[in-house]
Amino acid sequence: MSKPDPPKPSSRYLRYASWFLPAALLTWGAHEGAHWIMGTALGYDMWITINQVGLTSGSYSSSADQFMVSMAGPLITWAQGGIALWLALRLKDLAVYPFLFLAVWMRALAWAMSHLSNPNDEAVAGLLIGLPMWILPALSVSLLAYLTVRGSRATGAGWKENAVAYVLASLSSAVVVLSDSWLFG
1308 MSKPDPPKPS SRYLRYASWF LPAALLTWGA HEGAHWIMGT ALGYDMWITI NQVGLTSGSY
1368 SSSADQFMVS MAGPLITWAQ GGIALWLALR LKDLAVYPFL FLAVWMRALA WAMSHLSNPN
1428 DEAVAGLLIG LPMWILPALS VSLLAYLTVR GSRATGAGWK ENAVAYVLAS LSSAVVVLSD
1488 SWLFG
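Using this note's numbering, you'd call the opening residue of the sequence shown number 1308 and step up by one each time.
I should point out that these hints are in silico values taken from the structure, not numbers from a laboratory.
In this text, all values refer to a predicted model and were calculated from it rather than measured experimentally.
One thing to keep in mind: the hints can contain errors.
[Said to hold, decoys possible] 20 Å max Cα-Cα, derived SDA-like pairs, lysine to any residue: (1) Lys-1399 x Trp-1326; (2) Lys-1399 x Ala-1452; (3) Lys-1399 x Ser-1318; (4) Lys-1467 x Ala-1324; (5) Lys-1467 x Leu-1321; (6) Lys-1399 x Ala-1386; (7) Lys-1399 x Ser-1325; (8) Lys-1399 x Trp-1466; (9) Lys-1399 x Ser-1459; (10) Lys-1399 x Lys-1467; (11) Lys-1399 x Gly-1465; (12) Lys-1467 x Ser-1318; (13) Lys-1399 x Ser-1317; (14) Lys-1399 x Ala-1324.
[Said to hold, decoys possible] Restraint ranges, calculated between C-beta atoms of paired labels, are given here: (15) Thr-1363 x Ile-1390: 27 to 33 Å; (16) Ser-1424 x Leu-1398: 17 to 23 Å; (17) Ser-1368 x Leu-1321: 31 to 37 Å; (18) Ala-1452 x Leu-1362: 30 to 36 Å; (19) Met-1420 x Arg-1397: 30 to 36 Å; (20) Asp-1400 x Val-1474: 17 to 23 Å.
Note that CB positions come from ideal geometry on N, CA and C, so glycine has one too.
Using the sequences and the accompanying hints, generate a full structural model.
Structure, rendered in structure tokens:
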């Protein structure tokens, strides 16, 4: 019995690229869903969209509750990164790489936006426990960057694949953010 031929490079890249939008929707949906689930589990009335979650009214009754809701999203994103790395190491499949790249992309983008507008999840959590605003975001992005570099090596994602990842992550995150605005106002 002979082994099947490996996929042609063009089909490999098409398969790789085709995973970015689903991976973006899953990454953002799981992240925001974790915030919503934690808030709801703590007894709060929450609203959710693909890119945002919050209290329908009022404020958190304790900083511990706010901390748990703030960190629920990043914890799921870290778990996604860990699972994606495990799959990348096991399968050596480039199609797994979007799930790694988008995890670090999402948290790095949120960290960058923290400096322009409101603090992101990790920054809020850090401030709640008395840390400077940038400490937890830096640790979060560093962890996810480490996982992504390891996954890049395991899947054979070189500079071309990472350039494609950058472009597709930019487009995918724009689709998520703009569709969120369009669908939910």
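Checked hints:
About 15 Å separates the Cα atoms of Lys-1399 and Trp-1326, which keeps this hinted pair within 20 Å; it holds. With a CA separation close to 18 Å, the supplied pair Lys-1399 and Ala-1452 stays within the 20 Å bound. Taking the CA atoms of Lys-1399 and Ser-1318, the gap is about 16 Å. The hint holds against a cut of 20 Å. Restraint check: the Cα-Cα separation between Lys-1467 and Ala-1324 comes to about 12 Å, which is no more than 20 Å; the hinted pair holds.
For the hint pairing Lys-1467 with Leu-1321, the CA-to-CA distance comes to about 13 Å; that is within 20 Å, so the pair holds. Annotation: proposed proximity of Lys-1399 to Ala-1386 holds, straight-line Cα distance about 19 Å (limit 20 Å). The suggested pairing of Lys-1399 with Ser-1325 holds, with an alpha-carbon distance near 17 Å, which does not exceed 20 Å. For a cut-off of 20 Å, the pair hint linking Lys-1399 to Trp-1466 stands: about 17 Å separates their Cα positions.
Under the criterion of a C-alpha separation no larger than 20 Å, the hint pairing Lys-1399 with Ser-1459 is consistent with the structure, at around 9 Å. A hinted pair counts as satisfied when its Cα atoms are at most 20 Å apart, and Lys-1399 with Lys-1467 qualifies at roughly 17 Å. The suggested pairing of Lys-1399 with Gly-1465 holds, with an alpha-carbon distance near 13 Å, which does not exceed 20 Å. Restraint check for Lys-1467 and Ser-1318: the C-alpha separation of about 15 Å stays at or below 20 Å, so the hint holds.
A distance of roughly 17 Å separates the Cα atoms of Lys-1399 and Ser-1317; the hinted pair therefore holds under the 20 Å criterion. Taken as a hint, the Lys-1399 and Ala-1324 pair is honoured in the structure, with Cα atoms around 16 Å apart against an allowance of 20 Å. Evaluation of the 27 to 33 Å hint for Thr-1363 and Ile-1390 yields a pass: the beta carbon distance comes to about 31 Å. Between Ser-1424 and Leu-1398, the C-beta spacing of about 38 Å breaks the proposed range 17 to 23 Å.
Checked against the given bound of 31 to 37 Å, the beta carbons of Ser-1368 and Leu-1321, roughly 50 Å apart, lie outside it. Between Ala-1452 and Leu-1362 the beta carbon distance is about 31 Å. The supplied range of 30 to 36 Å therefore holds. A hinted range of 30 to 36 Å holds for the C-beta pair Met-1420 and Arg-1397, which are about 34 Å apart. For Asp-1400 and Val-1474, the hinted distance range of 17 to 23 Å is satisfied, since their beta carbons lie about 20 Å from each other.
Of the numbered hints listed earlier, those contradicted by the structure are 16 and 17.
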